[in-house]
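J.: Sequences and hints are given; from them, build the entire structure.
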Amino acid sequence: MRQIDRPPPNLFRSDLPYHGIGSKDWVPKNYTQRVVAFVVGLLYVMAAILAIASSVLFKTQLATDLHSKAAAVVFSFFLVCVVLAGSIILIFLGVRLLRGALRTSAKRA
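Under my numbering, think of the first position of the sequence shown as -7, with each following residue one higher.
A couple of the hints might just be wrong.
Label pairs and their calculated CB-CB ranges [what the hints assert, rightly or not]:
(1) L94 to A62: 43 to 49 Å
(2) P0 to L35: 41 to 47 Å
(3) Q(-5) to L34: 53 to 59 Å
(4) D57 to V87: 32 to 38 Å
(5) A62 to V28: 45 to 51 Å
(6) F50 to I81: 17 to 23 Å
(7) V48 to P1: 50 to 56 Å
Hint data in this document are derived by calculation from the structure and do not stem from the laboratory.
Note that the structure is a prediction, hence the values are computed from the model and not measured.
Beta carbons: idealized from backbone N, C-alpha and C, even for Gly.
T.: Written as structure tokens, this is what we have:
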């Protein structure tokens, strides 16, 4: 039987850095990538801000529809927590895309 001294390769790891869209060091290679990343990042940030603003309006609507102040407060608390968590993730991803879209490549400078 043949003996192999090294472990099998891990298919999910690489020695090379990942420079795909959304990574920290991603730089757009052309104007199309720059524009699309800027628009998508801006949409993410605006959707997160809109979700935060609409959660306040939903809370007042929920209080009138449920006819129970206690149930409305409990349900709206959990709803606002979920919306804030999702909005923070969207803002983080959107700002990361915006920073990448506005980053200049080292080749041009």
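J.: Now tell me if each hint is right for this structure.
T.: We went through each hint and held it up to the structure:
no.: 1; hint: L94 to A62: 43 to 49 Å; verdict: holds, 48 Å
no.: 2; hint: P0 to L35: 41 to 47 Å; verdict: holds, 42 Å
no.: 3; hint: Q(-5) to L34: 53 to 59 Å; verdict: holds, 57 Å
no.: 4; hint: D57 to V87: 32 to 38 Å; verdict: holds, 35 Å
no.: 5; hint: A62 to V28: 45 to 51 Å; verdict: holds, 47 Å
no.: 6; hint: F50 to I81: 17 to 23 Å; verdict: holds, 19 Å
no.: 7; hint: V48 to P1: 50 to 56 Å; verdict: holds, 52 Å
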